[in-house]
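Engineer: Letter by letter, the chains look like this.
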Amino acid sequence: MMRSYSEITKKAFFRNTAYRSEVWLRIFGNISIVFIQVSIWTALLGTGSLNGINIETMITYSLINTSVSMILMNKVIYVVDDKLKTGNITLDLLKPINYPLLLFWDQLGNVIFQVIFTVVPTILITWFLFGLTFPTNPYFIVAFIISLFLALVISFLIGYLVALVSFWFLTTFALDWMVTALITVFSGSFLPLWFFSDGWKFVAEMLPFQFLGFIPAAIYMEKINIDEIVWIIGKGTMWALMLWFVAQLLWWRAIRRLVIQGG
Amino acid sequence: MNIRLFSYFVTLVIKSRMEYRGAFTIGVVGQVVGYAANYLVIWLLLQNFNTIQGWDWTEIAFLYSLNLLTYAIGASFTYTPMVGLDQIIVNGNFDMYLTKPLSPFLYFLANLFNIGYIAHILISSVVLIWSISQADITWTLYKAIYLLLAIISGSLLQAAGLIVIGSLSFIFLRVQYLFSIFFKLKEFIAYPISVYGTLLQIILTWIIPLAMINYYPSLYIFEDSLLTNKILGITALVIGPLSLYLAYRFWMYGANKYQGAGG
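Quick mapping for you: the protein sequence lines, in order, are chains A and B. Mapping to the UniProt record's numbering: the first sequence position 20 is 20, numbers consecutive. Mapping to the UniProt record's numbering: the second sequence position 257 is 257, numbers consecutive.
Quick caveat, the hints were computed from the structure, so don't treat them as lab data. Only a predicted model underlies this, so the values are computations on that prediction, with no experimental measurement involved. No residue lacks a Cβ here, since even glycine has one placed at the ideal position from N, Cα and C. There could be a bad hint or two in this list.
Straight-line alpha carbon distances no greater than 27 Å define the calculated DSS-like cross-link-like pairs of lysine-lysine that follow [to be verified]:
| hint | chain 1 | residue 1 | chain 2 | residue 2 |
| --- | --- | --- | --- | --- |
| 1 | B | K15 | A | K85 |
| 2 | B | K15 | A | K75 |
| 3 | B | K143 | B | K15 |
Computed Cβ-Cβ distance ranges for the label pairs, DEER-style [said to hold, decoys possible]:
| hint | chain 1 | residue 1 | chain 2 | residue 2 | range |
| --- | --- | --- | --- | --- | --- |
| 4 | A | R256 | B | K257 | 36 to 44 Å |
| 5 | B | E223 | A | L132 | 50 to 58 Å |
| 6 | B | T51 | A | F202 | 38 to 46 Å |
| 7 | A | W231 | B | S16 | 40 to 48 Å |
| 8 | B | G22 | A | F245 | 42 to 50 Å |
| 9 | A | Y19 | B | G22 | 30 to 38 Å |
| 10 | A | F134 | B | K15 | 31 to 39 Å |
| 11 | B | S133 | A | K10 | 36 to 44 Å |
| 12 | A | E7 | B | I171 | 38 to 46 Å |
| 13 | A | V203 | B | P101 | 55 to 63 Å |
| 14 | A | I125 | B | I171 | 25 to 33 Å |
| 15 | A | R253 | B | E223 | 39 to 47 Å |
| 16 | B | T51 | A | Y19 | 25 to 33 Å |
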């Protein structure tokens with residue numbers, strides 16, 4: 001079973017190599033974003049700091065957050081949407097493989113491609129341009145890797161859940177915009193949760209989106225108390241399990257309702 | 001092709017889109033939420049810092065909205081035809097626009113008019129009007145006319161950018177990546193360009209004059225006692241129509257060179 005999954009991942013990886021020319025474009029895009037954010041933080045912070053956050057911190061934060069956003073899987077919504085509209089989903093359902101797992105391993109192939117050809121070059125170039133700090137405590141490094149894995153799983157499940165909701169409402173486009181909006185604000189893309197006022201911070205901490213950028217970046221920068229890390233990772237795991245449970249529930253209802261358009 | 005025929009075409013396009021009113025409305029709501037998130041992030045940021053290089057929240061909201069509004073107006077007419085042009089040429093569908101006794105340019109734009117930008121227009125004009133009412137501006141009739149002209153000029157400039165890149169389809173047949181670069185560059189003007197270095201400011205003013213869309217008009221409106229602001233503010237009104245004219249000529253040049261890819 002494991003072999004068929006790794007084959008799916010491998011295939012997705014090589015499918016991406018067909019679009020090699022887009023790689024430098026993504027690198028350019030990422031560096032622009034980091035550059036804009038660094039410029040603004042420089043204008044805001046200068047050589048000073050606010051709440052113990054200085055410009056070096058924000059450079060690292062911008063880079064880690066931008067990089068994490070490259071490996072999120074919430075756009076899986078369009079894969080499911082496309083398969084529903086073309087009716088190709090029947091081909092996947094015929095395979096003796098759990099459908100969401102198939103999707104996950106397929107997306108993982110994309111992510112591995114992105115990491116090698118976009119994220120690593122972006123990090124190297126930004127490191128060269130602006131400098132970058134690294135975690136030193138092995139405990140944080142392990143926690144960071146776990147948090148990356150949580151970001152993958154949670155973003156996948158959110159995208160997958162929204163896709164399942166579209167089974168009923170066929171409103172993929174609007175739902176994707178709303179999810180993107182929530183991620184923009186509550187994953188701390190650009191503005192970290194450190195700078196949120198109490199009310200907004202409370203909302204952000206009640207939602208799973210903080211695991212899609214802010215938490216990995218904060219752990220990487222050792223800005224979370226060491227005794228809080230286990231609790232935060234546990235919270236992320238609970239979110240993943242909960243989303244998974246809801247997704248399974250919706251899936252069984254959706255599959256019974258599936259009407260292939262045409263054919 | 002006169003204005004009456006053009007607007008008749010556009011009305012037909014809108015009517016056909018309104019066949020699916022439910023899906024359309026949900027889509028609009030989704031996009032409004034999406035952009036609201038971007039405003040919210042800037043608002044949260046300015047809760048901490050009050051100003052970015054002397055620009056407070058209402059001024060930044062004005063700057064951001066001016067960019068979004070002019071983009072939405074320009075893109076309504078040009079996004080779908082220009083981004084789709086390479087595919088239309090490859091599929092051999094472009095001939096249809098050349099074989100009618102109409103201006104191919106205007107017929108092409110009218111036929112592919114996109115009403116989908118209504119969401120952008122809605123949220124950006126609401127915020128724009130709100131920011132005008134809040135900001136510390138001494139209004140004169142002259143200034144009100146200036147704002148109106150700046151919106152028109154900015155829309156023309158945004159449209160010109162899309163048209164120029166679209167025209168390259170006649171030569172290269174694959175230009176999607178150039179659009180991606182264009183949109184990345186436009187990210188730079190979401191904030192006052194004074195946060196960037198001198199070189200980048202010169203590029204954004206004179207080489208790729210994106211700052212003429214929102215930055216210089218905003219300066220003119222907020223601080224017209226400075227002579228440089230006055231000169232650049234007036235220049236911004238000229239750049240829009242001028243670049244649209246040049247873009248139009250470039251497009252016609254490409255269309256005349258077009259030989260048809262299929263057949």
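Engineer: Take the hints in turn and mark each one as holding or not.
Structural biologist: Hints versus structure:
A C-alpha spacing of about 24 Å is found between K15 (chain B) and K85 (chain A), which places the hinted pair at or below 27 Å, so the restraint holds. For the hint linking K15 (chain B) to K75 (chain A), the alpha-carbon distance of about 31 Å lies beyond 27 Å, and the restraint is violated. Simply put, K143 (chain B) and K15 (chain B) have alpha-carbon atoms about 36 Å apart, too far for the 27 Å limit, and the pair is violated. Between R256 (chain A) and K257 (chain B) the Cβ separation comes to about 56 Å, which falls outside the hinted range of 36 to 44 Å.
With their beta carbons about 38 Å apart, E223 (chain B) and L132 (chain A) fall outside the hinted range of 50 to 58 Å. In this structure the hint that T51 (chain B) and F202 (chain A) lie 38 to 46 Å apart at CB is violated, the actual value being about 26 Å. Between W231 (chain A) and S16 (chain B) the beta carbons are some 55 Å apart, a value that contradicts the proposed interval 40 to 48 Å. At about 31 Å, the beta-carbon gap between G22 (chain B) and F245 (chain A) misses the expected band of 42 to 50 Å.
A hinted range of 30 to 38 Å holds for the C-beta pair Y19 (chain A) and G22 (chain B), which are about 35 Å apart. At about 59 Å, the beta-carbon gap between F134 (chain A) and K15 (chain B) misses the expected band of 31 to 39 Å. In this structure the supplied range 36 to 44 Å is violated for S133 (chain B) paired with K10 (chain A), their Cβ-Cβ distance being about 58 Å. Take E7 (chain A) and I171 (chain B): their Cβ atoms lie about 41 Å apart, and the range 38 to 46 Å holds.
Here the CB-CB span from V203 (chain A) to P101 (chain B) is close to 59 Å, well matched to the stated 55 to 63 Å. I125 (chain A) and I171 (chain B) have their C-beta atoms about 30 Å apart, which keeps the hinted 25 to 33 Å range intact. The beta-carbon spacing between R253 (chain A) and E223 (chain B), approximately 59 Å, falls outside the hinted interval of 39 to 47 Å. Judged by the Cβ atoms, the range 25 to 33 Å given for T51 (chain B) and Y19 (chain A) is violated: they are separated by roughly 42 Å.
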